[in-house]
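Quick mapping for you: the protein sequence lines, in order, are chains D and P.
So for the first sequence, the UniProt record's numbering puts the first residue at 1; every next one is plus one.
So for the second sequence, the UniProt record's numbering puts the first residue at 1; every next one is plus one.
Certain hints may be false.
Computed Cβ-Cβ distance ranges for the label pairs, DEER-style [what the hints assert, rightly or not]: (1) P:Glu-8 - D:Arg-36: 31 to 39 Å; (2) D:Thr-183 - P:Glu-81: 27 to 35 Å; (3) P:Glu-59 - D:Glu-71: 42 to 50 Å; (4) D:Gly-179 - P:Asn-87: 20 to 28 Å; (5) D:Arg-184 - P:Ala-96: 16 to 24 Å; (6) P:Gly-44 - D:Arg-121: 33 to 41 Å; (7) P:Lys-85 - D:Ala-136: 33 to 41 Å; (8) D:Leu-182 - P:Gly-22: 16 to 24 Å; (9) P:Ala-102 - D:Glu-65: 52 to 60 Å.
Hints were generated in silico from the structure; no laboratory data involved.
The beta carbon of each residue, even a glycine, is placed where N, CA and C say it ideally should be.
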Amino acid sequence: MVKGDPTLLMKLRQYQVAGRKFPSDTDPNPVIYRMRIFATDEIRAKSRFWYFTKRLNKIKTAHGEIVSVEEIVEKNTDHVKTYGISIRYETRNGITNMYREYRDTSLCGAVGRMYQDMAGRHRARAETIHIISTTALNVSSKVKRSNTAQFYNSKIRFPLLHETVRAPCKSLRSVFVSGRPLTRSH
Amino acid sequence: MAQARFVEIGRVAYVNFGPESGKLCVIVDVVDAKRALVDGPTTGVTRQQMPFSRISLTEFVLPVKRNQKSANVAKCFDEHEIIKKWNASHAGKHVASALRRASLTDFERFKLMVAQKKKSLLVKKEMKKIKPKH
Numbered sequence: 001m002v003k004g005d006p007t008l009l010m011k012l013r014q015y016q017v018a019g020r021k022f023p024s025d026t027d028p029n030p031v032i033y034r035m036r037i038f039a040t041d042e043i044r045a046k047s048r049f050w051y052f053t054k055r056l057n058k059i060k061t062a063h064g065e066i067v068s069v070e071e072i073v074e075k076n077t078d079h080v081k082t083y084g085i086s087i088r089y090e091t092r093n094g095i096t097n098m099y100r101e102y103r104d105t106s107l108c109g110a111v112g113r114m115y116q117d118m119a120g121r122h123r124a125r126a127e128t129i130h131i132i133s134t135t136a137l138n139v140s141s142k143v144k145r146s147n148t149a150q151f152y153n154s155k156i157r158f159p160l161l162h163e164t165v166r167a168p169c170k171s172l173r174s175v176f177v178s179g180r181p182l183t184r185s186h
Numbered sequence: 001m002a003q004a005r006f007v008e009i010g011r012v013a014y015v016n017f018g019p020e021s022g023k024l025c026v027i028v029d030v031v032d033a034k035r036a037l038v039d040g041p042t043t044g045v046t047r048q049q050m051p052f053s054r055i056s057l058t059e060f061v062l063p064v065k066r067n068q069k070s071a072n073v074a075k076c077f078d079e080h081e082i083i084k085k086w087n088a089s090h091a092g093k094h095v096a097s098a099l100r101r102a103s104l105t106d107f108e109r110f111k112l113m114v115a116q117k118k119k120s121l122l123v124k125k126e127m128k129k130i131k132p133k134h
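Bound conformation, chain P alone (with noise of 0.2 Å):
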C-alpha cells in the first residue's frame, strides 16, 4: 500500500475536470484547505487558483519554490523532463488510455471488442493447457 501522496509545494498534479482537464501542472502556492495556486506554463495551464477537486496529484515533485515565477517554474518542467516522465508512468499511460477510449468511434468500438475476443480466446487455451478439464 503506497503512502499517501503529499500536497506541497512544488507537486506535478494532473488537472482531471474543467477546461484545462488532461494538463499537467505544478502546485506554487496553497491557498486554503481546499484550492491551490497551480501553474503550468509549458503544458497550457495559466497561473490560477485551482480547487483540489479538479486535480490529482501525481508522484513527481520539482525543486520549486513558493511563488516562484512562471518562468523558472517552465525551466524546473523542462529540466526534470517532467512530460516524459509522465507519459511513461503506469498513471500517465491510464489517463491516455482512457482518453483514447472515450474518443473511439463506432467502427473503433467493434474492432476493439474483436480484438477483445481474439485475446480472450488465446488466454483460455493458455489456461486449459495449465488447469485441464476436470
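Chain D with its partners taken away, still in its complex shape (with noise of 0.2 Å):
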C-alpha cells in the first residue's frame, strides 16, 4: 500500500515469525517458537529470527524448520502514535540497554526511525541492536522523554523560523541566480 513519495516511506516491515525444531521420535511435536521481527522483506526476517532463536532456544537452522512466516500489517496508519522502544546494543567497550521515544505514524516507521537515530548518536550499527519491546503510549502521562512529549499536544503550535529556498525539481534548478534567498517564514 504505497501512499506518496516512496523516498519519504518506511521500508522495514514486521513480520511474526514461527519456527520449531525438526520433529523426532522422541519428540514428535515440539515447542513452536514465535517472533516478531523488522526487516525489510521475509528472507531477511528469516535469517533474524534464526539468529535468536540460536542464541534463545538451542535450534540453529540446520536443526529446525521455519512454519509460518507473516507479515504484521498495522491497522491504522491515518494517525501520529507516540511509540516507546527498549532496545539492547553492543557499544565499543560493552552492551547497553536504552529507552528511547520516537513519534510516527506506524510502528515500522519509528523502528526504522529508531535504527537511524542509533546509528547517527551512538555509531550503533543495525546488527549490534536488539529490539526487547516496543509499546504504543497512548496516555501522555506515560511518555517519558520530553523531546516526545511536547509533540504530544492537540494544539500545537509554532513558527518555521528559517525556511530553505529550493527549487520544485532538479530540472528548474539553476547555477546562478540574481539575488540572495529569503528564508524568514513570510
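Make one complex out of these two single chains by using the hints.
Set out below in C-alpha cells:
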C-alpha cells in the first residue's frame, strides 16, 4: 500500500515468524517459537529469526524449520502515535540497554527511525541492536522523554523560523541566481 | 513586516518539492520538529508524513481538529473555498506564474522578451515626462 513519495516511506516491515525444531522420535511435537521481527523482507526476517532462536532456544537452522512467516500490517496509519522502544545494543566497550521514544504514524516507521537515530547518535549499527519491546503510548503521562512529550499536544503551534529556498525539482534548479534567498517564513 | 506564520492543526500549506509539488494540503497533526502529517483529499495529496522543508505555509487556517477524518477535512476545505482563495491570493498567483514561466517554450520566451521591451519603453516614456532630462 504505497502512499505518497516512495523516498519518504519506511522500508521496514514487521513479520511474525514461527519456527520449531524438526520433529523426531523423542520429540514428535516440538515447541513452536514465535517472534516479531522487523526486517525489510521475509528472507531477512527468517534469517533474523534464526539468529535469535539459536541464541535463546538452542535450535539451529539445520535442525529446525520455519512454520510460518506472516507480515503484521499496521491497522491504522492515519494518525501519529508515540512509540516507546526498549533496546539492547553493543557499544565499543560492552552492552547497554536503552529506552527511546519516537513519534510516527506506524510502528515500522518508528523502528526504522530508531535504527537511524542510534546510528547517528551512538554509531550503533543495526546488527548490534536487539529490540526488546515496543509499546504504543496512548496516554500522555506515560511519555517519558520531554522531546517527544512536547509534540504530544493537541494544540500544538510553532513558527517555522528558517526556510530553505529550493527549486521544486532538479531540472528547475539554476546555478546562478540574481538575488539572495529569503529565508524568513513570511 | 508580517508576523511569522505558525504550523498549527488546520494550517493550509503548499507543497513546494517532490512528486506532490504544486498541491495544497492541510496540516492535520505534527509528528515531530521536522515532519507534519498532511492531508489534501480534494487536491490529490494522500494523508502522509511530509517534512516541513517540503511545504510552505499559506495564510489560510481551517477549523480542522487533530486527526480529523479525510472526508471531513475535504468538507471543510470545500466549505471555505480554499482553492479559490489561494488562486486569488498574492502567493498563489506568484506560484502559478512561476509554474507558467518554467513551462515556456523558446518561442514564448521570445514573445515575453518582446513584450517586456515594449513595456519598458512605455515606462521610460512616462518617466521622461515626470523627470525631464538634466
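- Which earlier hints turn out false for this structure, listed by number in ascending order? none
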